Amino acid sequence: MADKKVLQVNMVAADHPVWSGTATSVTIPGTEGQMGILPDHEPLLSIIKGGTVSVVDPSGERHSFEVADGFISFDSNKLTIAVERGRDVVRTSGAD
Amino acid sequence: MASQLALKSRINSTTSLGKIFNAQEMIASSHIAKARNVALNAKPYTDAIFDAVQALAAHTHIDHPIMKTHDRGDGHARVAVLALTADRGMAGAYTSSIIRETEGLLAHLDSEGKDPQLYVYGRRGVSYYKYRNRDVAGTWDGDSDHPGVEVAESISSALMDAYMKPEDEHGVSELYVVFTEFVNMVVQKVRVLRMLPVELIRPAVDTSDGITMAELAEPDDADDPASEVSPLYSFEPSVDEVLDAILPKYIQSRIHECLLTAAASETASRQNAMHTATDNANNLIDSLTRELNASRQAAITQELTEIIGSADALNKEEE
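Residue numbers (this note's numbering), protein chains in the order written: chain F, 245 to 340; chain B, 573 to 891.
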């Protein structure tokens with residue numbers, strides 16, 4: 245658990261940075277359904293539609309963000325989520 | 573010499589004007605910090621889009637109308653010019669420099685045989701062209717000192733529409749933006765930017781040194797001459813759809829960036845103008861006070877002369 249692989253996440257909205265940090269997995273609302281991204285995913289450029297992005301950080305905590313449409317790019321273990329509008333909605337612990 | 577009463581009332585009115593200028597200056601300087609923050613906050617998004625577009629440019633052969641000059645016959649190409657002006661005055665030469673530059677650009681485009689369509693943002697610019705009965709293809713106003721994403725969105729979607737339309741439906745083939753760049757607190761420069769078609773600064777694909785971005789990342793594929801497009805990235809749902817989605821966003825974020833630097837420049841030039849106005853008001857108050865003092869002294873001297881004169885006359889009578 246300690247040396248679990250992680251990826252760098254940087255989420256930005258058009259007018260402000262939303263969240264950045266490390267994560268063990270990220271789920272994004274792709275145009276053709278939810279898409280999960282794990283560390284060492286192949287480089288990817290994808291459109292996302294409005295919905296919820298959820299990020300699981302290394303301590304197992306789940307962060308959820310409500311986003312409008314945008315896109316993600318993933319390259320060398322760095323995930324950039326760029327959305328028109330985005331905000332942090334609920335912060336629930338993964339334990340419960 | 574003006575009467576003391578007149579001078580006093582002028583001093584009073586100048587003092588209150590000076591207070592207003594001073595307050596405006598303070599407001600402007602507090603807004604600069606905010607405008608800067610907004611610009612800084614928007615930067616990660618702009619960078620993210622820019623990186624994505626760079627990645628697209630590096631790994632695909634972009635074949636999208638945004639990227640190339642439309643070949644639309646000759647001699648009569650419509651081009652769009654977007655001028656970013658202020659909503660309010662009291663910003664020195666801010667709006668007038670933009671208008672001067674825009675006029676210059678319009679004349680230049682005319683001389684090239686193009687047909688410029690004018691788009692204006694900012695109430696001052698809009699009223700300038702309305703007053704002169706000029707044809708303006710589109711106008712926006714409001715919040716020129718803190719433009720939101722919504723304004724950028726509506727401007728860019730209108731311009732994209734005009735750009736994507738075919739020539740016979742009043743489509744345009746190029747887009748120029750005239751805006752003020754924020755160099756520093758004292759210097760703001762008017763710049764003309766050709767935004768469409770997009771010109772990308774491609775990473776140097778110089779095969780002679782054998783180092784390209786794609787090769788650095790994935791050396792195995794570099795030797796394969798058949799694949800011109802390095803299969804480094806995968807695109808979801810497809811390259812075309814990603815292009816269709818990202819390029820308009822790229823334009824929008826560029827326009828938003830221009831709006832934000834224009835807003836910062838506007839605030840800075842308002843602060844400068846108000847600072848000068850406060851200084852001028854103070855100078856005026858000083859010289860008016862001097863004039864008032866001189867006129868008061870003159871009145872006192874005159875009274876003294878009168879008293880002494882009459883006393884002398886009385887003394888002479890007694891003798």
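Please keep in mind that the hints were generated in silico from the structure rather than gathered at the bench.
Computed from a predicted structure; not experimentally measured.
All C-beta atoms in this analysis are idealised placements derived from N, C-alpha and C, irrespective of residue type, glycine included.
Hints should not be assumed to be uniformly reliable.
Claimed, not checked - Not everything, but these chain F residues come out facing chain B in the computed CB check (under 7 Å):
1) Leu251
2) Val256
3) Ala258
4) Pro261
5) Trp263
6) Glu276
7) Glu286
8) Pro287
9) Leu289
10) Gly295
As the list claims (entries may be wrong) - For lysine to any residue, the following SDA-like pairs were computed, each having C-alpha atoms within a straight-line distance of at most 20 Å:
11) B:Lys615 / F:Arg329
12) B:Lys591 / B:Ser806
13) F:Lys293 / B:Phe807
14) F:Lys322 / B:Ser806
15) B:Lys615 / F:Thr268
16) F:Lys293 / B:Glu808
17) B:Lys615 / F:Ser264
18) B:Lys737 / B:Lys761
19) F:Lys293 / F:Ser320
20) F:Lys293 / B:Arg766
21) B:Lys761 / B:Glu808
22) F:Lys322 / B:Asp623
23) F:Lys293 / B:Lys591
Unchecked claim - Derived Cβ-Cβ restraints for the label pairs, each shown as a range:
24) B:Gly661 / F:Pro283: 29 to 35 Å
25) F:Val300 / B:Glu722: 30 to 36 Å
26) B:Asn756 / F:Val300: 50 to 56 Å
27) F:Val250 / B:Gly714: 43 to 49 Å
28) B:Pro809 / F:Pro283: 52 to 58 Å
Checked hints:
no.	hint	verdict
1	Leu251	violated (16 Å)
2	Val256	holds (4 Å)
3	Ala258	holds (5 Å)
4	Pro261	holds (5 Å)
5	Trp263	violated (11 Å)
6	Glu276	holds (6 Å)
7	Glu286	holds (6 Å)
8	Pro287	holds (5 Å)
9	Leu289	holds (5 Å)
10	Gly295	violated (15 Å)
11	B:Lys615 / F:Arg329	holds (14 Å)
12	B:Lys591 / B:Ser806	violated (61 Å)
13	F:Lys293 / B:Phe807	holds (15 Å)
14	F:Lys322 / B:Ser806	holds (15 Å)
15	B:Lys615 / F:Thr268	violated (26 Å)
16	F:Lys293 / B:Glu808	holds (12 Å)
17	B:Lys615 / F:Ser264	holds (15 Å)
18	B:Lys737 / B:Lys761	violated (32 Å)
19	F:Lys293 / F:Ser320	violated (23 Å)
20	F:Lys293 / B:Arg766	violated (30 Å)
21	B:Lys761 / B:Glu808	violated (41 Å)
22	F:Lys322 / B:Asp623	holds (12 Å)
23	F:Lys293 / B:Lys591	violated (52 Å)
24	B:Gly661 / F:Pro283: 29 to 35 Å	violated (55 Å)
25	F:Val300 / B:Glu722: 30 to 36 Å	holds (33 Å)
26	B:Asn756 / F:Val300: 50 to 56 Å	violated (44 Å)
27	F:Val250 / B:Gly714: 43 to 49 Å	holds (44 Å)
28	B:Pro809 / F:Pro283: 52 to 58 Å	violated (23 Å)
Against the hints set out earlier in the document, violations occur for numbers 1, 5, 10, 12, 15, 18, 19, 20, 21, 23, 24, 26 and 28.
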